[in-house]
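Residue strings, one per chain:
Protein chains: 2
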Amino acid sequence: MTENLEGMEEQFLELKDTSELMVDLAYSALLYDNEEIAKEVQLLEELVDKLNYKIQRTAFMISLDDKNVDKALAIIRLATSIEAIADAAMEIADVVLRDIEPHPIFKMSVMDSDVIITKTPVSKSSFLANKTLGQSRLMTDTGMWVIAIKRGKTWIYGPDENTKIKNGDVLFARGPREGEKEFLKLTKGRKK
Amino acid sequence: MTENLEGMEEQFLELKDTSELMVDLAYSALLYDNEEIAKEVQLLEELVDKLNYKIQRTAFMISLDDKNVDKALAIIRLATSIEAIADAAMEIADVVLRDIEPHPIFKMSVMDSDVIITKTPVSKSSFLANKTLGQSRLMTDTGMWVIAIKRGKTWIYGPDENTKIKNGDVLFARGPREGEKEFLKLTKGRKK
Numbered sequence: 002m003t004e005n006l007e008g009m010e011e012q013f014l015e016l017k018d019t020s021e022l023m024v025d026l027a028y029s030a031l032l033y034d035n036e037e038i039a040k041e042v043q044l045l046e047e048l049v050d051k052l053n054y055k056i057q058r059t060a061f062m063i064s065l066d067d068k069n070v071d072k073a074l075a076i077i078r079l080a081t082s083i084e085a086i087a088d089a090a091m092e093i094a095d096v097v098l099r100d101i102e103p104h105p106i107f108k109m110s111v112m113d114s115d116v117i118i119t120k121t122p123v124s125k126s127s128f129l130a131n132k133t134l135g136q137s138r139l140m141t142d143t144g145m146w147v148i149a150i151k152r153g154k155t156w157i158y159g160p161d162e163n164t165k166i167k168n169g170d171v172l173f174a175r176g177p178r179e180g181e182k183e184f185l186k187l188t189k190g191r192k193k
Numbered sequence: 002m003t004e005n006l007e008g009m010e011e012q013f014l015e016l017k018d019t020s021e022l023m024v025d026l027a028y029s030a031l032l033y034d035n036e037e038i039a040k041e042v043q044l045l046e047e048l049v050d051k052l053n054y055k056i057q058r059t060a061f062m063i064s065l066d067d068k069n070v071d072k073a074l075a076i077i078r079l080a081t082s083i084e085a086i087a088d089a090a091m092e093i094a095d096v097v098l099r100d101i102e103p104h105p106i107f108k109m110s111v112m113d114s115d116v117i118i119t120k121t122p123v124s125k126s127s128f129l130a131n132k133t134l135g136q137s138r139l140m141t142d143t144g145m146w147v148i149a150i151k152r153g154k155t156w157i158y159g160p161d162e163n164t165k166i167k168n169g170d171v172l173f174a175r176g177p178r179e180g181e182k183e184f185l186k187l188t189k190g191r192k193k
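Protein chains in written order, with the working numbering: chain Y, 2 to 193; chain Z, 2 to 193.
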């Protein structure tokens, strides 16, 4: 039983983080009219489906054990609500995949939002090159959260603190509009 | 027509910001088992409904003008997807309003997530007191985003850069786990 609960905590965690990443990626795909990112959202949707199924299954197993049906139903309800966020992200990405050019006002809205999305290459002179995201302190020093890295033809989606930034990487990030300027300075190497 | 487009950009912006705020508030309501926050999510849902209706109406008016039905449909699709995120947030908040105690593993997941939620009072000795959120540079210096402020019995939801922080306020914030320590230091006044 303890094993079930620990597994479920991991799954909830992954479900929450993945759904949030999907929303950010979906808006990025839209903003940059980028099909590669949109396809990643599609792939992540499959992961979310599987996670939700596992959580529902464990919820039933726990309820068989503790006979508390309401608690099990609350778990299922929560997981399904989080999956709905992922589904919505998928719908947003789908607009890009269907090749319908979204109205420019939508792009303007994403750019004018409190939380903006930006992308920028890491220049040779930037102190970020060869640092991990954790070492870079980008998140805590600028508020900008790196959601994807494009390295040549490959992509790293949802990088973590151990992901190393390389010279020439293109960073996609989301964060407060006020943080963007500082973020761009750091990636351009104008500031250490 | 230009008037329509400008109005729609504003509405999209508000729809996006509100849906994101709702998700953060819904997780906060769940984490702190807080019915007041959950009720705010409910109220915001009504705002989102109205915004989506306005956007759909304008999309039709634009399509009457430029005869581009696909573009209008893409706009409606996007707005509806963003509304779905808000609906999911409402579902999450609903678990709190129904007074079903969510399983503790869910709270653990929210606390262990890459993006965490935290709350803390602003102490007398904190340099934050009487600063606006913009002046405090909390977002850009710690990555933590203030989503709600509890002041005595009143609440400020979705504060902006002009909102003044007062001594004794309880700040609810979301941001990277690495930013929480610094954030707590600043609110406790241990650092300027």
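Be a bit skeptical, because a hint or two may be false.
Heads up, the list lumps identical chains together, so a pair's fine if it works in one copy or across two of them.
[As the list claims (entries may be wrong)] No more than 16 Å apart at the CA atoms, straight line, and that leaves these computed lysine to aspartate or glutamate pairs for EDC-like:
id: 1; residue 1: K167; residue 2: E15
id: 2; residue 1: K72; residue 2: D34
id: 3; residue 1: K55; residue 2: D142
id: 4; residue 1: K186; residue 2: D142
id: 5; residue 1: K108; residue 2: D18
id: 6; residue 1: K125; residue 2: E162
id: 7; residue 1: K186; residue 2: D67
id: 8; residue 1: K108; residue 2: E10
id: 9; residue 1: K68; residue 2: D142
id: 10; residue 1: K182; residue 2: D142
id: 11; residue 1: K72; residue 2: E10
id: 12; residue 1: K132; residue 2: D142
id: 13; residue 1: K72; residue 2: D88
id: 14; residue 1: K154; residue 2: E7
id: 15; residue 1: K108; residue 2: E7
id: 16; residue 1: K72; residue 2: E15
id: 17; residue 1: K151; residue 2: E37
id: 18; residue 1: K55; residue 2: E7
id: 19; residue 1: K151; residue 2: D161
id: 20; residue 1: K72; residue 2: D100
id: 21; residue 1: K189; residue 2: E47
id: 22; residue 1: K51; residue 2: D18
id: 23; residue 1: K132; residue 2: E162
id: 24; residue 1: K72; residue 2: D95
id: 25; residue 1: K68; residue 2: D113
id: 26; residue 1: K108; residue 2: E15
Calculated from the structure, these hints are not laboratory results. The structure presented is a predicted model; accordingly, all values stated were derived computationally and were not measured.
Hints versus structure:
Proximity of K167 to E15 under the C-alpha cut-off of 16 Å is found in neither arrangement, the shortest distances being 26 Å within a copy and 36 Å between copies. Taking CA atoms no more than 16 Å apart as the test, K72 paired with D34 passes between copies only; the shortest distance there is 15 Å, against 42 Å inside one copy. For a Cα distance limit of 16 Å, the shortest separation of K55 from D142 qualifies neither inside one copy, at 37 Å, nor across copies, at 38 Å. In this assembly of identical chains, the alpha carbons of K186 and D142 lie at most 16 Å apart whether taken from the same copy (12 Å) or from different copies (15 Å).
When the C-alpha separation of K108 and D18 is checked against a cutoff of 16 Å, the pair qualifies only between copies, where the shortest distance is 14 Å, while the shortest distance within a copy is 24 Å. In this assembly of identical chains, the alpha carbons of K125 and E162 never lie at most 16 Å apart, being 21 Å within a copy and 34 Å across copies at closest. For the homomeric pair K186 and D67, neither the shortest alpha-carbon distance inside one copy (55 Å) nor that between copies (41 Å) is at most 16 Å. In the homo-oligomer, the alpha carbons of K108 and E10 lie at most 16 Å apart only across protomers (9 Å), although the nearest pairing inside one protomer, at 36 Å, exceeds that limit.
When the C-alpha separation of K68 and D142 is checked against a cutoff of 16 Å, the pair qualifies neither within a copy, at 48 Å, nor between copies, at 48 Å. Both within a single protomer and between protomers do K182 and D142 lie at most 16 Å apart by alpha-carbon distance, with minima of 12 Å and 13 Å respectively. For the homomeric pair K72 and E10, the shortest alpha-carbon distance inside one copy (15 Å) is at most 16 Å, but the shortest distance between copies (42 Å) is not. Taking the closest pair of Cα atoms, K132 and D142 come within 16 Å of each other only inside a single copy of the chain (15 Å); across copies the shortest separation is 20 Å, beyond that limit.
With identical chains, the CA atoms of K72 and D88 are never at most 16 Å apart, being 24 Å at best within one copy and 22 Å at best between copies. For a Cα distance limit of 16 Å, the shortest separation of K154 from E7 qualifies neither inside one copy, at 37 Å, nor across copies, at 37 Å. Proximity of K108 and E7 under a CA criterion of 16 Å is satisfied inter-copy only: 13 Å between copies versus 41 Å inside one chain copy. Neither within a single protomer nor between protomers do K72 and E15 lie at most 16 Å apart by alpha-carbon distance, with minima of 21 Å and 35 Å respectively.
Proximity of K151 and E37 under a CA criterion of 16 Å is satisfied intra-copy only: 10 Å inside one chain copy versus 42 Å between copies. Only within a single protomer do K55 and E7 lie at most 16 Å apart by alpha-carbon distance; the minimum there is 13 Å, versus 45 Å between protomers. Taking identical chains as interchangeable, the C-alpha atoms of K151 and D161 lie at most 16 Å apart only when both belong to the same chain, with a minimum of 14 Å there against 32 Å between chains. For the homomeric pair K72 and D100, the shortest alpha-carbon distance between copies (11 Å) is at most 16 Å, but the shortest distance inside one copy (43 Å) is not.
With identical chains, the CA atoms of K189 and E47 are never at most 16 Å apart, being 36 Å at best within one copy and 43 Å at best between copies. In the homo-oligomer, the alpha carbons of K51 and D18 lie at most 16 Å apart inside one protomer (14 Å), although the nearest pairing across protomers, at 29 Å, exceeds that limit. Proximity of K132 to E162 under the C-alpha cut-off of 16 Å is restricted to the intra-copy arrangement: shortest distance 10 Å within a copy versus 32 Å between copies. Taking the shortest alpha-carbon separations for K72 and D95, only the inter-copy value of 14 Å comes in at or below 16 Å, while the best intra-copy value is 35 Å.
For the homomeric pair K68 and D113, neither the shortest alpha-carbon distance inside one copy (50 Å) nor that between copies (28 Å) is at most 16 Å. Taking identical chains as interchangeable, the C-alpha atoms of K108 and E15 lie at most 16 Å apart only when they sit on different chains, with a minimum of 13 Å there against 29 Å within one chain.
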